[in-house]
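K.L.:
Sequence:
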Amino acid sequence: MEYTLKVISKSGIEEALSKATLYRYLNEPEETESICHDILAAEPEHQVALRMLGLAITDQFTGQSSDRYAEAGTAFQRLVDEYERLYYTGLMCERRAKAQMRAGRPPQMLVGLFEEAMGYFEEAEKIRPVGNDDAMLRWNRCVRLLEKLPAAEHEQHEPGLEDHDIAPVHVIRNSVRAAR
Numbered sequence: 000m001e002y003t004l005k006v007i008s009k010s011g012i013e014e015a016l017s018k019a020t021l022y023r024y025l026n027e028p029e030e031t032e033s034i035c036h037d038i039l040a041a042e043p044e045h046q047v048a049l050r051m052l053g054l055a056i057t058d059q060f061t062g063q064s065s066d067r068y069a070e071a072g073t074a075f076q077r078l079v080d081e082y083e084r085l086y087y088t089g090l091m092c093e094r095r096a097k098a099q100m101r102a103g104r105p106p107q108m109l110v111g112l113f114e115e116a117m118g119y120f121e122e123a124e125k126i127r128p129v130g131n132d133d134a135m136l137r138w139n140r141c142v143r144l145l146e147k148l149p150a151a152e153h154e155q156h157e158p159g160l161e162d163h164d165i166a167p168v169h170v171i172r173n174s175v176r177a178a179r
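Quick note: the sequence shown uses numbering that gives the first Met the number 0, first residue 0, plus one each step.
Hints are not guaranteed to be accurate.
Claimed, not checked - Subject to a maximum C-alpha distance of 16 Å in a straight line, what follows is the list of computed EDC-like cross-link-like pairs (lysine to aspartate or glutamate):
id : residue 1 : residue 2
1  : K18       : D37
2  : K9        : E44
3  : K125      : D80
4  : K125      : E83
5  : K9        : E42
6  : K9        : D37
7  : K125      : E81
8  : K97       : D66
What the hints assert, rightly or not - Restraint ranges, calculated between C-beta atoms of paired labels, are given here:
id : residue 1 : residue 2 : range
9  : E27       : R104      : 25 to 31 Å
10 : R101      : E1        : 35 to 41 Å
11 : P149      : V47       : 36 to 42 Å
12 : E44       : K125      : 24 to 30 Å
13 : S65       : K9        : 30 to 36 Å
In case anyone wonders, no lab produced these hints; they're calculated from the structure.
Here the structure is a predicted model, which means the values were calculated and not measured.
The C-beta atom is built at its ideal place from N, Cα and C for all residues, glycine as well.
Given only the sequences and the hints, what does the whole structure look like? Please build it.
P.N.:
What follows is the structure, given as structure tokens:
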């Protein structure tokens, strides 16, 4: 039997967002992700749904190769606001690093991932809204996590093949500037 997805009404989007938020708070990211896809089917560029979709995907990171880094990154790259694009891409990189830390990956692999996140946070900090220190708070968290790694492992990380499914900060920065 073949099934077809139903498209929700535009008037139901706000209620659907409330449900997606609730499921995210209940630590049910798959439910949140499904609802975000339903919202985006009705309104493809809905900014809150894109942000929440990316976050729901990052909530599922386990540090394995099956993690959907590119998919989360694509959702965040569709954000219109330059600050949000940088901040949430940094958050994705930080969550990737923390998931890989939990999975027991070697410290030298983690350093580059945290540094990548910090690069995005540094760029976001430069254009942050007045009174919004979120990028600095995330930067500081990355620094504290790096400080917990063995000192010998703080050498510059050489990216491996696993690092190429997320655009480096200079690529994002250039694409953001080109979009202006």
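K.L.:
If a hint holds in the structure, say so; if it does not, say that too.
P.N.:
Here is how each hint holds up against the structure:
no.: 1; hint: K18 x D37; result: holds (12 Å)
no.: 2; hint: K9 x E44; result: holds (12 Å)
no.: 3; hint: K125 x D80; result: holds (14 Å)
no.: 4; hint: K125 x E83; result: holds (12 Å)
no.: 5; hint: K9 x E42; result: holds (7 Å)
no.: 6; hint: K9 x D37; result: holds (10 Å)
no.: 7; hint: K125 x E81; result: holds (11 Å)
no.: 8; hint: K97 x D66; result: holds (13 Å)
no.: 9; hint: E27 x R104: 25 to 31 Å; result: holds (26 Å)
no.: 10; hint: R101 x E1: 35 to 41 Å; result: holds (39 Å)
no.: 11; hint: P149 x V47: 36 to 42 Å; result: holds (40 Å)
no.: 12; hint: E44 x K125: 24 to 30 Å; result: holds (25 Å)
no.: 13; hint: S65 x K9: 30 to 36 Å; result: holds (34 Å)
In terms of the numbered hints stated before, the structure departs from none.
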